[in-house]
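Undergrad: Given chain A, work out where chains B and C should sit, using these hints.
Just so you know, the protein sequences line up as chains A, B and C, in that order. In terms of my numbering, the first sequence opens at residue 301 and continues consecutively. In terms of my numbering, the second sequence opens at residue 301 and continues consecutively. In terms of my numbering, the third sequence opens at residue 301 and continues consecutively.
If you are wondering where the hints come from, they were derived from the structure by calculation, not from laboratory data. The model shown is predicted, which means the values in this text are computed figures rather than measured ones. No residue lacks a Cβ here, since even glycine has one placed at the ideal position from N, Cα and C. One or more of the hints may lead you astray.
What the simulated footprint calls covered on chain A by chain C, stretch by stretch (three residues with Cβ under 8 Å from a Cβ of chain C suffice, anywhere in the stretch; the number is not a length) [unchecked claim]:
#1 309-321
#2 403-410
One-sided excerpt, in silico: chain C residues whose CB lies under 10 Å from chain B [as the list claims (entries may be wrong)]:
#3 Glu-328
#4 Thr-330
#5 Ile-372
#6 Ala-406
#7 Glu-411
#8 Ala-416
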Amino acid sequence: MKQGIGRAGRAYAGEVSVRTSRRSELVEITAEVEKAVAASSITEGVCYLFVPHTTAGVIVNENDDPAVARDIEKTLDRLVPCGAGYEHLEGNADAHVKSSLVGVSAMVFVERGRLALGRWQGVFFCEFDGPRDRRVRVKILADPSE
Amino acid sequence: MKQGIGRAGRAYAGEVSVRTSRRSELVEITAEVEKAVAASSITEGVCYLFVPHTTAGVIVNENDDPAVARDIEKTLDRLVPCGAGYEHLEGNADAHVKSSLVGVSAMVFVERGRLALGRWQGVFFCEFDGPRDRRVRVKILADPSE
Amino acid sequence: MKQGIGRAGRAYAGEVSVRTSRRSELVEITAEVEKAVAASSITEGVCYLFVPHTTAGVIVNENDDPAVARDIEKTLDRLVPCGAGYEHLEGNADAHVKSSLVGVSAMVFVERGRLALGRWQGVFFCEFDGPRDRRVRVKILADPSE
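So here's chain A without its partners, still in its complex pose (with noise of 0.2 Å):
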């Protein structure tokens, strides 16, 4: 994984680049996320996060034990099987389904320069029909009133 460069000061853009190594996959990019932070100077504000992306997602969960994430995997696989009935030709119907289920979007506060996350939260990427490199768009956004 490697981050992109943006602009700092109370906007800024950036990407975080995820190399996936299974069909189903939620990979923690909360150290890329953390870095482009980092690099926005912005000390209060907002971090949005969107995957470009129509079989895949991003959500915020456990990071500390990692069975939580394959849990996840395999929960959306069995509700939405991969290869069952669908009218999409290309095989990974059930990925976009999938997608919408978790969504391309996920927001996070940032404050004292750093993602307000709660003490047990990371930020993952979910591959649905990987492995795939893929990418996150990054935009921080400082406060109006900082």
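TA: Chains B and C alone, transformed into the frame defined by chain A:
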């Protein structure tokens, strides 16, 4: 579909109207949202979408093969079937659940005066209790550094 | 439920406390969020909500018939049952999955000093591993043109 009239400058508020024709139906509204972005005269910012209904939602997903939207509709209908022993007596409890799963808001970055969507992405209004006349609220805010 | 104290002006940060009483429980917090909006003195802007927990979430859905909230709780319990062979050993893997499906953040426009919710909409904290004491972080930002 028609588009509401808002304020141009650093903040823009508008509206997209959608007429749906089936009970579960994803309707692409990318072109209408792009019109709001153009009307806003904002070149770098964030476009927020909010659905003021409780049996509908909004997602960003593939707009190339229309089969993808139909697979999303059908999978949600399979996971949360209509009329499957709900407490809510209006016959649309499933639609409220589907709305909670996909969400009633979305966010897309604005760059160079356009929605910064991925190659295959479009914005879709999600009808779960149609046919009805629906609205999507649009707010576009310029980045603070612009 | 009580509300945190923030800064009034063009950006406001506060908090809503929620005490839940059941394992899966949607608790309406619209009135508490409206209090934060009033305390912010912001008339046109965006209200962001963020849940710093990994077994909870936040949604916007119907607040007129309480049966809707119960149908959402029960349908999520049916789709993602508690204790159904998960890897995570704390007994709440289902709660992490449900949190990922509904999401830990929400966004509502602020207009004329109030949440711009639809006729039947309310904001709900979603407990999936209660009963517990929980928090919802609130940030309200004035539109740049205000």
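Undergrad: Each hint: holds or not?
TA: Comparing the hints with the structure gives:
| no. | hint | in the structure |
| --- | --- | --- |
| 1 | 309-321 | violated (count 0) |
| 2 | 403-410 | holds (count 5) |
| 3 | Glu-328 | violated (13 Å) |
| 4 | Thr-330 | violated (13 Å) |
| 5 | Ile-372 | holds (5 Å) |
| 6 | Ala-406 | holds (7 Å) |
| 7 | Glu-411 | holds (8 Å) |
| 8 | Ala-416 | holds (7 Å) |
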